[in-house]
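There are 2 protein chains.
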Amino acid sequence: MSRDRRSLADALARIEQVRERRRGSFYLHDEHITLSHGSGGKATHNLIEGVFAAELSNPILDLMEDSAVFSFNGTGERMAFTTDSYVVHPLFFPGGDIGRLAIHGTVNDLAVAGATPAYLSAAVILEEGFPVSDLRRIVASMREAAEAAGVAVVTGDTKVVERGKADGLYINTAGVGPVRSDAALSSAGARPGDRILISGRIAEHGVAILMAREELLLETEIESDTAPLDGVAAALLEALGSDVHCLKDPTRGGVASALNEIAIRSGMALAVEEENFPIRADVRGACEILGIDPLHMANEGKLVAVVAPERAEEGLEALRGHPMGRAAAVVGEVLDEPPGVVFARTGIGGQRVLDMLVGDALPRIC
Amino acid sequence: MSRDRRSLADALARIEQVRERRRGSFYLHDEHITLSHGSGGKATHNLIEGVFAAELSNPILDLMEDSAVFSFNGTGERMAFTTDSYVVHPLFFPGGDIGRLAIHGTVNDLAVAGATPAYLSAAVILEEGFPVSDLRRIVASMREAAEAAGVAVVTGDTKVVERGKADGLYINTAGVGPVRSDAALSSAGARPGDRILISGRIAEHGVAILMAREELLLETEIESDTAPLDGVAAALLEALGSDVHCLKDPTRGGVASALNEIAIRSGMALAVEEENFPIRADVRGACEILGIDPLHMANEGKLVAVVAPERAEEGLEALRGHPMGRAAAVVGEVLDEPPGVVFARTGIGGQRVLDMLVGDALPRIC
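Protein chains in written order, with this note's numbering: chain A, 1 to 366; chain B, 1 to 366.
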């Protein structure tokens, strides 16, 4: 395992190598949209790469980061800009609701770009007949979440569709914020030897949503981890600066999708130790009963960080020093071969390829 | 009619006066959402003011402009930020489709804030079973519209919901752009004596959509006017600078809603001459058959401008000098009494109050 920093030319060659290996798999062969296209796994990536990225290609979009980053109007100041729609079902769940999630989701996409979340938009699609009392509750929840994250909702939109043309309401939030000057983050930034950190316990949002749907009748109180990540991300960046190479919030598609994105974009291999991931026993149990790998389960308040190896312990301390990172752990490392692949190692020395979620969909998890 | 420029204190007192008169009418009394709440008329305003503005209040949102405008990260550079969701039915219509509309709508909200549209986001909610070929066609249309308007789609999101939980697809676009240094625009900026200009023929988008739904079987070829307004807005601002007091794009709810917003926010009365509005004869005929005032019909490529009286002719020339403003006209003037009211004058000397759309909804026009 070489820890040399590779040249840009080398990095580009590796990305091309990955693309070559995956060529065709990014083409969308399906004739109709299926729920799998919304799962955050392989089908979602094929849809995004095969239709949207292919058609709308430009140098910023092509980076396929959680936020677009660009220089604002020649000021030299970098700005991050992101959007997400929320279609979570049910609208209210243990630990949150769609309003809270919609604020946190966009705050978090900005935070993992190294930005300080500042201004958000909120656009709501309402179904005819939706109770105004539920709407008031959701908007109040948005206000609370925005206040707690220090952001303001400054512009919005409301549309109404006929009964049976939505499912209560859907929310879109977009957001902007200035990128911290100490941030040098990229999904393509992982280098051989880098350590992979997670900020806390995984899989709680996904399990909480599935339990709220009563797909799983267990006597436990698992709550969504939905929370704003700007504080804990800032704590890590303040400690390590540009030695943080990559930040991701592993939402839809879970930690596995986030790691695969890093592996593909960086042209590296990633290896994680399964048992290093902090997870509640009841969450693990629920995943076992459901037959879903907790690494494929959505999180809404966790950070995956790739950091320079010599700064890993310091980074871990920075995470643990923040209330949102108490259970942080080092979970793996970056290898140089084979490019674009993620391995999960088990306690007894076994090793398996950890792919993006394939097949069985977890629809409308966020 | 006084043409004196009023003091800020006077303007604020007038706005308070309007608020007092309208107090209660902005409270949302309904227990359930109806299609009227999406019409862009009175019910939409009650929903926005009674729920969203009341709960999420902050100095930028409270201005209730088409775009939020703020200083970017202390650079002194002003930035505009806006969002809209598109739920138009049908997805394809004469003159455009939902993709084209989604790009133009956000470009236009930025343009009427005096901004140069730069970067857009695109978030799509897809219904299970939606044909991928239709999606490709819509995304290609977004690309064409973005290229023509000189903007880039730099970030996005895709979600999928079950069959029967959407209507094919819905698109949200948000957008950002730097505000031109010569722009001093506000819905509260209308002053007594100011002239009201329209950049071209009205009501074409609304009529095209209703005809595409076959709610009206006429043998005419009326196309949506969906088009980017940044060029024609820039032409006007270059000619008149800060003597352009207010710009609006009269979409959902039509010219009537745009004028009422200006009247309310400015604390002024607005009077327009009905017969001064340019309109195609077949569009007027269609409106008569439908029983809908063309001033309530949506436009997706027109500008309403309020300008200083002594610059009105110059402004008209600037509009007419741009391909998008060939049919521009002066349609009315700003009066100081009674605050918050819009009058439409007829050719024979009659006068009626031109209110926002009430009652009968025109759902999913954009």
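Hints may contain errors.
Note that identical chains are pooled: a pair holds if it fits in a single copy or bridges any two copies.
What the hints assert, rightly or not - Here are the simulated SDA-like cross-link-like pairs (lysine to any residue), alpha carbons at most 20 Å apart as the crow flies:
#1 42 <-> 136
#2 42 <-> 64
#3 42 <-> 128
#4 42 <-> 131
#5 42 <-> 292
#6 42 <-> 278
#7 42 <-> 137
#8 42 <-> 162
#9 42 <-> 352
#10 42 <-> 243
#11 42 <-> 28
#12 42 <-> 313
#13 42 <-> 129
#14 42 <-> 132
#15 42 <-> 74
#16 42 <-> 30
#17 42 <-> 59
#18 42 <-> 54
#19 42 <-> 363
#20 42 <-> 193
#21 42 <-> 341
#22 42 <-> 285
It should be emphasised that the hints constitute simulated quantities derived from the structure, not laboratory data. Predicted, not measured: the structure shown is a model, and the values here were computed from it.
Each hint tested on the structure:
1. 42 <-> 136: Between copies, since 19 Å is at most 20 Å while 36 Å is not.
2. 42 <-> 64: This pair counts as within: shortest intra-copy Cα distance 15 Å, inter-copy 41 Å.
3. 42 <-> 128: between (34 Å within a copy, 17 Å between copies)
4. 42 <-> 131: Cα proximity of residue 42 and residue 131: across copies only (19 Å, versus 36 Å in one copy).
5. 42 <-> 292: Cα proximity of residue 42 and residue 292: one copy only (15 Å, versus 49 Å across).
6. 42 <-> 278: neither (25 Å within a copy, 52 Å between copies)
7. 42 <-> 137: neither (35 Å within a copy, 23 Å between copies)
8. 42 <-> 162: between (32 Å within a copy, 19 Å between copies)
9. 42 <-> 352: Within one copy only: 17 Å inside, 60 Å across.
10. 42 <-> 243: Close neither inside one copy (30 Å) nor across copies (54 Å); limit 20 Å.
11. 42 <-> 28: This pair counts as within: shortest intra-copy Cα distance 11 Å, inter-copy 44 Å.
12. 42 <-> 313: So residue 42 and residue 313 fail the 20 Å test inside a copy (33 Å) and across (59 Å) alike.
13. 42 <-> 129: Close across copies (18 Å), not inside one copy (36 Å); limit 20 Å.
14. 42 <-> 132: For residue 42 and residue 132, the Cα distance is within 20 Å only across copies (17 Å; inside one copy 38 Å).
15. 42 <-> 74: neither (37 Å within a copy, 41 Å between copies)
16. 42 <-> 30: within (13 Å within a copy, 43 Å between copies)
17. 42 <-> 59: neither (23 Å within a copy, 43 Å between copies)
18. 42 <-> 54: within (16 Å within a copy, 42 Å between copies)
19. 42 <-> 363: Close inside one copy (14 Å), not across copies (36 Å); limit 20 Å.
20. 42 <-> 193: For residue 42 and residue 193, neither the intra-copy (27 Å) nor the inter-copy (61 Å) Cα distance is at most 20 Å.
21. 42 <-> 341: Classified as within; 14 Å inside a copy, 56 Å across copies.
22. 42 <-> 285: Answer is neither: 25 Å inside a copy and 52 Å across each miss the 20 Å cutoff.
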